[in-house]
Amino acid sequence: MKLVTAVVKPFKLEDVKAALSTLGLAGLTVSEVQGYGRQKGHTEVYRGAEYTVDFVPKVRVEVLVDGVDVDRVVNTLVEAARTGKIGDGKVWVTSVDEVVRVRTGERGLDAI
Amino acid sequence: MDSGDTAWILASSALVLFMTPGLAFFYGGMTRAKSVLNMLMMSFGAIALVSVLWVLYGYSLAFGEDAYGGLIGNLDHLGMKGTLHELSGTLPVTVFASFQLMFAIITVALVSGAIADRAKFGAWMVFVGLWATIVYFPVAHWVFFFGDLTTTEDGGWLADTVGTLDFAGGTAVHVNAGAAGLALALVLGKRYGWPKERFKPHNLPLVLVGAGILWFGWFGFNAGSAVAANGQAGVAFLNTQVATAAAVLGWLVVEKLRYGHATTLGAASGAVAGLVAITPACASVNPLGAVAVGLIAGGLCALAVSLKYRLGFDDSLDVVGVHLVGGATGAILIGFLATPTVTGILTSDPSDGAAGLFYDGGFSQLGKQAIAVVAVGLYSFILTWIIGKLIDKTMGFRISTEDEVAGIDTTVHAETGYDFSGLGGGGGGAAAPSTQRPLVGAGVEEEKP
Numbered sequence: 066m067k068l069v070t071a072v073v074k075p076f077k078l079e080d081v082k083a084a085l086s087t088l089g090l091a092g093l094t095v096s097e098v099q100g101y102g103r104q105k106g107h108t109e110v111y112r113g114a115e116y117t118v119d120f121v122p123k124v125r126v127e128v129l130v131d132g133v134d135v136d137r138v139v140n141t142l143v144e145a146a147r148t149g150k151i152g153d154g155k156v157w158v159t160s161v162d163e164v165v166r167v168r169t170g171e172r173g174l175d176a177i
Numbered sequence: 128m129d130s131g132d133t134a135w136i137l138a139s140s141a142l143v144l145f146m147t148p149g150l151a152f153f154y155g156g157m158t159r160a161k162s163v164l165n166m167l168m169m170s171f172g173a174i175a176l177v178s179v180l181w182v183l184y185g186y187s188l189a190f191g192e193d194a195y196g197g198l199i200g201n202l203d204h205l206g207m208k209g210t211l212h213e214l215s216g217t218l219p220v221t222v223f224a225s226f227q228l229m230f231a232i233i234t235v236a237l238v239s240g241a242i243a244d245r246a247k248f249g250a251w252m253v254f255v256g257l258w259a260t261i262v263y264f265p266v267a268h269w270v271f272f273f274g275d276l277t278t279t280e281d282g283g284w285l286a287d288t289v290g291t292l293d294f295a296g297g298t299a300v301h302v303n304a305g306a307a308g309l310a311l312a313l314v315l316g317k318r319y320g321w322p323k324e325r326f327k328p329h330n331l332p333l334v335l336v337g338a339g340i341l342w343f344g345w346f347g348f349n350a351g352s353a354v355a356a357n358g359q360a361g362v363a364f365l366n367t368q369v370a371t372a373a374a375v376l377g378w379l380v381v382e383k384l385r386y387g388h389a390t391t392l393g394a395a396s397g398a399v400a401g402l403v404a405i406t407p408a409c410a411s412v413n414p415l416g417a418v419a420v421g422l423i424a425g426g427l428c429a430l431a432v433s434l435k436y437r438l439g440f441d442d443s444l445d446v447v448g449v450h451l452v453g454g455a456t457g458a459i460l461i462g463f464l465a466t467p468t469v470t471g472i473l474t475s476d477p478s479d480g481a482a483g484l485f486y487d488g489g490f491s492q493l494g495k496q497a498i499a500v501v502a503v504g505l506y507s508f509i510l511t512w513i514i515g516k517l518i519d520k521t522m523g524f525r526i527s528t529e530d531e532v533a534g535i536d537t538t539v540h541a542e543t544g545y546d547f548s549g550l551g552g553g554g555g556g557a558a559a560p561s562t563q564r565p566l567v568g569a570g571v572e573e574e575k576p
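From first to last, the protein sequence lines stand for chains A and B.
Numbering follows my numbering, in which position 30 of the first sequence is assigned residue number 95; successive positions increment by one, without gaps.
Numbering follows my numbering, in which position 99 of the second sequence is assigned residue number 226; successive positions increment by one, without gaps.
Read the hints as simulated data drawn from the structure, not as lab findings.
Being a predicted model, the structure only gives us computed values, none of them experimental.
Ideal Cβ positions, reconstructed from N, Cα and C, are used throughout, including at glycine.
Hints are not guaranteed to be accurate.
Straight-line Cα separation of at most 25 Å, SDA-like style, residue types lysine to any residue; simulated pairs [as the list claims (entries may be wrong)]:
1. B:Lys327 x A:Phe120
2. A:Lys105 x B:Lys495
3. B:Lys495 x B:Gly196
4. A:Lys74 x A:Ser96
5. B:Lys323 x A:Lys74
6. A:Lys82 x A:Val143
7. B:Lys383 x A:Lys74
8. B:Lys317 x A:Lys82
9. B:Lys327 x A:Pro122
10. B:Lys323 x B:Arg437
11. B:Lys327 x A:Tyr116
12. B:Lys327 x A:Lys82
13. B:Lys327 x A:Glu109
14. B:Lys327 x A:Gln104
15. B:Lys323 x A:Phe120
16. B:Lys317 x A:Lys105
17. A:Lys105 x B:Ser178
18. B:Lys323 x A:Glu115
19. B:Lys383 x A:His107
20. B:Lys323 x A:Thr117
21. B:Lys323 x A:Pro122
Where chain A lies over chain B, by a calculated footprint (3+ residues, C-beta under 8 Å) [what the hints assert, rightly or not]:
22. 385–392
23. 426–433
Listed below are several chain A residues computed to face chain B (Cβ distance under 8 Å; list not exhaustive) [stated by the list, open to error]:
24. Gly106
25. Glu109
26. Tyr111
27. Arg112
28. Ala114
29. Tyr116
30. Val139
Work out the full structure: start from the sequences and follow the hints.
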C-alpha cells in the first residue's frame, strides 16, 4: 500500500481530480496549504510599508493506492498538474503499513 | 427660532455621531484580526463616557460664559441647567449642545488609533474622561466659543482675541487629537515586534466602509458648522466634497509614484486626509481653493505616514500622519487661500471678509492660523503626555506582552471578532471543542441537580 502525496497549484486541482478518476481511484483527500520552494512569495504595500508574504498558497492532494500501478498514478498526476513554470509543486510516494475503514473495520485493500 | 436651521442641525448632529462608529470601522479594519474588537470598543467607550460628561459639565466648560481670559467656560450650566428654554442664535441651545457633543466624542475617539492593540480598556476609559475634561473642553472653548455678539461678551481667545479661522475644527479637533496621539504613542511605547513584524490591516473592506461612513457624516461636521441652513453651509458642503475627492487623487498619485501601486488603503486614507484638511477651511476658500487644499493634503499626508518608521514611534494607525499633518495643513492653508467672497459670504459687503496671502490679505491671517496650530498642538501634546504618564504610573496603561501577543480581544474583552475555526473555540487558535455553560450572576441560586 502506498500513499501518494502531491502539492500542486490550486487552479490545477480540478485537472488532477479528473485525471485520477479516469484511473478508477475511489477517493482522495484535499487540503489547503502554504509554503515555498523555488517560487518565492510576493510583496504587499500598506501606507508605504512593504510586507513580504513568504508563503504561497498550494493544494495538497493525498491518495491511497493499492492494487494499481503506483507509477501510473504518479505519472498521470504529474501530467495533470504541470504548467511548466516554477511553482508547479511536488509529488512523493510513501509506504503505508495499514489502512482501516472506520465504518466497517475492514483492513488493507478492502478499506481503500 | 428658525425651524429650517434647527432641522438641519438636528440632522447634522446625527450625521456627526455616525462618524464615530465609522471611525471605529476605519481603524478596526486596519488592526490585526486579534485586536479588532478592542479598537471598536475604544470608540464606543468614548461615545458612552463623553456623552455623560458633556451634560454633567462638559457643555458648561466649553460653551458656558467665559470664566477667564477666553480660556474656559464657567460652571453656570452644570447638568445643562438654564439651557432648556434658551436659544443659541436661531436654534434651541439643546440642539447646538447636541451638535457640539458629537465633536467632543469623535475628537477623543480619534486618539485611540495611536495606541492600537496594547492599551488596557479601563486605563483608556480613565484617559477619555481626563482628556476630554482637561484638554478638549477648554480647547473647544478657545476655538469654537464666539461669545455673544449682541452683548459683546468675550469669546474663546483664539476665536475672539486672535481671530483664527477654524470653521469646523482643524485645530480643536484634528491638530488636538493628532498631537495627543503622538504623546500617547510615546508614553505607551511600541507594540511588541514593531516595526520588524507584520502589522498589516486584517480587513480592508471594513476600512473602506468606515471611510465611506466618515465621508458621509463629515457633511454634518462641516456644513453643519454653519449652525444654519444657509449659503455658508452650501459652500462648506461643496468644498468638503471636492477637497476630499482631490485628496484621494493626491494620495494615489504620490503612492503610485513612490511605491508603484495605487492601493485601497491609500484611497481611504486620502479621503480622510482631505476631509481633515478641509475641515477648518471649508468656509474660507472657494471650490478651486478646496481642490488645492485636498491635493496638497492628500499628497503631504501620503508622505507623512512613513515618518514614524524613520523616527521610530509606533503611532499605529497614523493619527499623526493624517490628523496632525492634515489638520495643520488645512489650518495653515487658510492663511494663503482665504478669500473674502467666501469668508464674507454672510455679510452684505464681501470685502469685509478675511483674506489670505494670495487674496491681498498679507501675512496677517497666516500668523493667526499659525498661532492656533502651535498653541493647540503644544497644549495637547504636553497635557496628554502628563495625563498618560499619570495613568501609566498609577494603574498602568499597557497590557502585558503575553496578553498583547495572544491578542487583546480575548485577553481583555473575552471575545473574538471572527470565529473561523470549525473545531470550536474562538479565533482559530484553540483546537479543543468549546463547551457552553450559562454564567450565573451573583445572588442567583444555582439549580440543584
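Results for each hint:
1. Between B:Lys327 and A:Phe120 the CA atoms are separated by roughly 15 Å; this keeps the pair inside 25 Å, and the hint holds.
2. Annotation: proposed proximity of A:Lys105 to B:Lys495 is violated, straight-line Cα distance about 55 Å (limit 25 Å).
3. Restraint check: the Cα-Cα separation between B:Lys495 and B:Gly196 comes to about 17 Å, which is no more than 25 Å; the hinted pair holds.
4. For a cut-off of 25 Å, the pair hint linking A:Lys74 to A:Ser96 stands: about 12 Å separates their Cα positions.
5. Of the pairs offered as hints, the one joining B:Lys323 and A:Lys74 is violated, with about 30 Å between alpha carbons and a cut-off of 25 Å exceeded.
6. A threshold of 25 Å between alpha carbons decides the hint, and for A:Lys82 with A:Val143 the separation of about 12 Å falls inside it, so the pair holds.
7. With a C-alpha separation of about 31 Å, the suggested pairing of B:Lys383 with A:Lys74 is violated against the 25 Å cut-off.
8. A C-alpha spacing of about 49 Å is found between B:Lys317 and A:Lys82, which places the hinted pair above 25 Å, so the restraint is violated.
9. For the hint linking B:Lys327 to A:Pro122, the alpha-carbon distance of about 18 Å falls within 25 Å, and the restraint holds.
10. Distance restraint check for B:Lys323 and B:Arg437: the Cα-Cα separation of roughly 13 Å lies within the 25 Å cut-off, and the hinted pair is therefore satisfied.
11. Annotation: proposed proximity of B:Lys327 to A:Tyr116 holds, straight-line Cα distance about 8 Å (limit 25 Å).
12. Between B:Lys327 and A:Lys82 the CA atoms are separated by roughly 35 Å; this puts the pair beyond 25 Å, and the hint is violated.
13. Annotation: proposed proximity of B:Lys327 to A:Glu109 holds, straight-line Cα distance about 9 Å (limit 25 Å).
14. This hinted pair checks out: B:Lys327 and A:Gln104 have alpha carbons roughly 23 Å apart, not beyond 25 Å.
15. Pair hint B:Lys323 plus A:Phe120 holds up; C-alpha atoms about 17 Å apart against a cutoff of 25 Å.
16. For the hint pairing B:Lys317 with A:Lys105, the CA-to-CA distance comes to about 30 Å; that exceeds 25 Å, so the pair is violated.
17. Taking the CA atoms of A:Lys105 and B:Ser178, the gap is about 52 Å. The hint is violated against a cut of 25 Å.
18. For the given pair, B:Lys323 sits about 11 Å from A:Glu115 by alpha-carbon distance, which is consistent with the 25 Å threshold.
19. Between B:Lys383 and A:His107 the CA atoms are separated by roughly 18 Å; this keeps the pair inside 25 Å, and the hint holds.
20. A hinted pair counts as satisfied when its Cα atoms are at most 25 Å apart, and B:Lys323 with A:Thr117 qualifies at roughly 11 Å.
21. Distance check on the hinted pair: B:Lys323 and A:Pro122 sit about 23 Å apart at the alpha-carbon level, within 25 Å; holds.
22. By the rule of at least three residues with a Cβ nearer than 8 Å to a Cβ of chain A, the coverage given for the segment 385–392 of chain B holds, with 6 such residues.
23. Note: the segment 426–433 of chain B has 3 residues with beta-carbon separation from chain A under 8 Å; the three-residue rule is met and the coverage holds.
24. For A:Gly106, the suggested interface contact is broken, since its CB lies about 12 Å from the closest CB of chain B, more than 8 Å.
25. At about 7 Å, the closest approach between the beta carbon of A:Glu109 and any beta carbon in chain B falls short of 8 Å, and the interface hint on this residue holds.
26. Because the smallest distance between the Cβ of A:Tyr111 and any Cβ of chain B comes to about 5 Å, under 8 Å, the interface hint for this residue holds.
27. Below 8 Å, beta-carbon pairs count as interface contacts, and A:Arg112 has one with chain B at about 5 Å; its hint therefore holds.
28. Because the closest C-beta pair between A:Ala114 and chain B is about 7 Å apart, less than 8 Å, the hint holds.
29. The restraint placing A:Tyr116 at the interface with chain B holds, with a minimum CB-CB distance near 5 Å, inside the 8 Å limit.
30. A hinted interface residue such as A:Val139 counts as satisfied when its beta carbon comes closer than 8 Å to some beta carbon of chain B; here the least separation is about 31 Å, so the hint is violated.
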